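Engineer: Residue-level listing of the chains:
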Amino acid sequence: MNRTPLPHPGAPAAHALTAPKRRRTGRVVLTVLAVVVALAFLVPVLWLIASTFRSSTETFANSSSMNWHMLWPAHWTLENLRSAVDNGFLRNLANSVIVAAVTVVLGIAISAMAAFALAVVDFPGRRIVFGLVVLSFLVPFEAIAIPLAHTFSDWGLTNNFPALVLPGLGNGLAIFTLRQFFLGIPPELAEAARVDGAGWPRIFLRIYLPLTRPALIGTGLVLFLFQWQAYLWPILVTTSDDKDVAPVAIAKTFAAFSSDYGRVFAETAVLAVIPAVILLGLQRYFVASVASTGSKN
Amino acid sequence: MTLTTHHPAGDGAKPPPLPRGTLQRRRLLGNLSAAAIFLTPALALIVVLRLIPVVQAVNDATHTSLPGSTLPPRYVGFDNFTALFSSHAFWSSVQQTLIFNVLVNPLQIVLALALAVLLTQNLPATGIWRTLIFLPAAVPMTGSAVVWGIALRPDGPVNAALASVGIHQQPFLTGQGQVLGSIILIASWIGVGYWMIFLIAGLNDIPTVYYEAAAIDGAGPLRRFWSVTLPLLRRPLLFVLVADTVSNFVLFAPMQILTDGGPQGKSNFLMYDIFHNSFELSDPHTAAAELLVLLVLMIVIVAVQFRLLRSAEES
Chain A
1356 MNRTPLPHPG APAAHALTAP KRRRTGRVVL TVLAVVVALA FLVPVLWLIA STFRSSTETF
1416 ANSSSMNWHM LWPAHWTLEN LRSAVDNGFL RNLANSVIVA AVTVVLGIAI SAMAAFALAV
1476 VDFPGRRIVF GLVVLSFLVP FEAIAIPLAH TFSDWGLTNN FPALVLPGLG NGLAIFTLRQ
1536 FFLGIPPELA EAARVDGAGW PRIFLRIYLP LTRPALIGTG LVLFLFQWQA YLWPILVTTS
1596 DDKDVAPVAI AKTFAAFSSD YGRVFAETAV LAVIPAVILL GLQRYFVASV ASTGSKN
Chain B
17 MTLTTHHPAG DGAKPPPLPR GTLQRRRLLG NLSAAAIFLT PALALIVVLR LIPVVQAVND
77 ATHTSLPGST LPPRYVGFDN FTALFSSHAF WSSVQQTLIF NVLVNPLQIV LALALAVLLT
137 QNLPATGIWR TLIFLPAAVP MTGSAVVWGI ALRPDGPVNA ALASVGIHQQ PFLTGQGQVL
197 GSIILIASWI GVGYWMIFLI AGLNDIPTVY YEAAAIDGAG PLRRFWSVTL PLLRRPLLFV
257 LVADTVSNFV LFAPMQILTD GGPQGKSNFL MYDIFHNSFE LSDPHTAAAE LLVLLVLMIV
317 IVAVQFRLLR SAEES
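So the sequence lines, in the order shown, correspond to chains A and B.
Position one of the first sequence corresponds to residue 1356 (this note's numbering), numbered consecutively onward.
Position one of the second sequence corresponds to residue 17 (this note's numbering), numbered consecutively onward.
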């Protein structure tokens, strides 16, 4: 168990005998701290899941005094989930899935193309265009959503999927991240392909996209989360219940059933499980893709 | 990185040799048209989604109309702004927004940084702890807001937990003195894990040789954090600082779903107030003027953050 002395908190090697022991104690303390913090973040999720599988009366009966039934239902029931399904939540969920899926596919294509031009193709004014793209994403979408909604309704673009998808496509962070990755690919590859007579589209599709698959997945996650979370924009451009995305449906349920929260818990749990599962599988791509965000060119 | 330094040579046999100037110009034109094609969708989206709304906001802010009237809006110059600036409710909204941001941003970043450092210490099962802390970021904001709204009810589990240690019932979202703290709690439960991931990625990028050198020099953990980690983490930290500030300035769902800006306007942050003016009071002109104020405020604050961190980098 002789680990190389990595830079971890611990005493300098001067006290050869006490140092390893002290270091081990430090590690135990830090581990306990990590576990406690992680559980603190997890408890609301556990409460949400438990509340999904019990009646609302039980939820509040058990929370008037602290006991373990707060996080573990005494009587399990699927009533809340059924109530959500019966009231058309699957329709809202499907809307969210469609909007997110279309956004991810088109968004990756658009961002990757732009990032490719900004990282690889040498043209005059490239720096200016890149600056414009970065600036554009410093203005958060939510801040200009309200005037944009007026424009969209002037154009007759309300209550349909294009209106919901469009804002998710123009993502400066995605372009920025992919550009960083493209810059990391040796330009000699593109140069060699050009000498062999390949055009830019071919270089893009055959060299750059296959080599940056992790970054593309990470970008896809960013685009997915943006749409999956979207709330302000959907309430601005949709008015009919059957076009509502799932987060809007939850807010409406919450506002309408202030005495019976079972359905709210069930809908939220379903809406949360999907990204949680995706992220558990793809988290390393997410970490890898955000890693380049803060690094220098 | 640039291709201009390479000359289009190396294919001696096939094409008839053209004068160098022609070749270069042809290549430049080829690159320009390729760049134009590749960039068109993204630039079109930027124009439609970022530029047009700002123009629309300026237009809305300088006009006025009666609600429901069919007459075209009338140009009024800066009248909407002067009306806004003399409104007590507006200044109280600005004040609440600034107080909220001054509290929430440092808190979230310090927590995210502390957790990022903790979870890059090679502890057992680090991946699991990271994932659990990141998990709330995956729960859609609406869901988090709703669940916390229920948890913070007078008869909810948070008050039950407090009761078990002898603290009597707290109003949380309906208490003038507590609503800000409650929103900060909700926003931080969602945000801290998300920003932590960016900082973990940044920490992983720091070459271990710096730590080894510092350890040889006898620097303790705190000294290493100040002299090695912080300086080398400046870029990811700047990104997180700016992105977190921006996202907290436009935080909207918790107020719209849980507090309606109340009680007594204590959570009536600018972003919610703009929505409220625009849709509930049907006054898009005041809302647009207010939106421009919010945009200017955000740009100033982000610029200051950039400046501060850059000057820190130079010193």
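No wet-lab data here; the hints were simulated from the structure.
One should not assume that every hint holds.
[Claimed, not checked] Facing chain A, according to a computed beta carbon distance under 7 Å, are these residues of chain B, among others:
(1) L48
(2) L139
(3) I166
[To be verified] Okay, the calculated beta carbon distance ranges per label pair:
(4) B/L48 / A/S1613: 38 to 48 Å
(5) A/L1635 / B/T38: 53 to 63 Å
(6) A/L1433 / B/D95: 53 to 63 Å
(7) B/P187 / A/L1635: 35 to 45 Å
(8) A/D1509 / B/P140: 53 to 63 Å
(9) A/D1596 / B/L119: 30 to 40 Å
(10) B/L123 / A/L1401: 22 to 32 Å
(11) B/I183 / A/W1431: 28 to 38 Å
[Claimed, not checked] Per the computed footprint, the stretches of chain A lying under chain B, defined by three or more beta-carbons under 8 Å from a beta-carbon of chain B, are:
(12) 1563-1570
(13) 1598-1611
All values reported here derive from a predicted model rather than from experimental measurement.
Glycine included, each C-beta is placed from N, C-alpha and C at the ideal position.
Engineer: Now, for every hint given, state plainly whether the structure supports it.
Structural biologist: Cross-check of the supplied hints:
1. Contact between B/L48 and chain A, as hinted, is supported at the beta carbon level, the nearest pair being about 5 Å apart and thus within 7 Å.
2. Hint status for B/L139 relative to chain A: holds, with the closest Cβ pair at about 5 Å, below 7 Å.
3. Among the interface hints, the one on B/I166 holds; its C-beta lies about 5 Å from the nearest C-beta in chain A, closer than the 7 Å criterion.
4. At about 60 Å, the beta-carbon gap between B/L48 and A/S1613 misses the expected band of 38 to 48 Å.
5. Restraint check, A/L1635 to B/T38: a C-beta distance of roughly 56 Å satisfies the suggested window 53 to 63 Å.
6. Between A/L1433 and B/D95 the C-beta distance comes to about 58 Å, which sits within the given range of 53 to 63 Å.
7. Remark: the range hint 35 to 45 Å for B/P187 to A/L1635 is upheld by a beta-carbon distance near 37 Å.
8. For A/D1509 and B/P140, the hinted distance range of 53 to 63 Å is satisfied, since their beta carbons lie about 58 Å from each other.
9. A hinted range of 30 to 40 Å for the beta carbons of A/D1596 and B/L119 is consistent with their spacing of about 37 Å.
10. Separated by about 24 Å at the C-beta atoms, B/L123 and A/L1401 satisfy the suggested range of 22 to 32 Å.
11. Distance hint check for B/I183 and A/W1431: the Cβ-Cβ separation is about 31 Å, which falls inside the suggested range of 28 to 38 Å.
12. For the region 1563-1570 of chain A, the proposed coverage by chain B is not satisfied: 0 residues have a C-beta within less than 8 Å of a C-beta in that chain, short of the threshold of three.
13. Beta-carbon proximity to chain B at under 8 Å applies to 7 residues in the region 1598-1611 of chain A; the threshold of 3 is reached and the given coverage holds.
Hint compliance for this structure: hints 4 and 12 are not met, and every other hint is.
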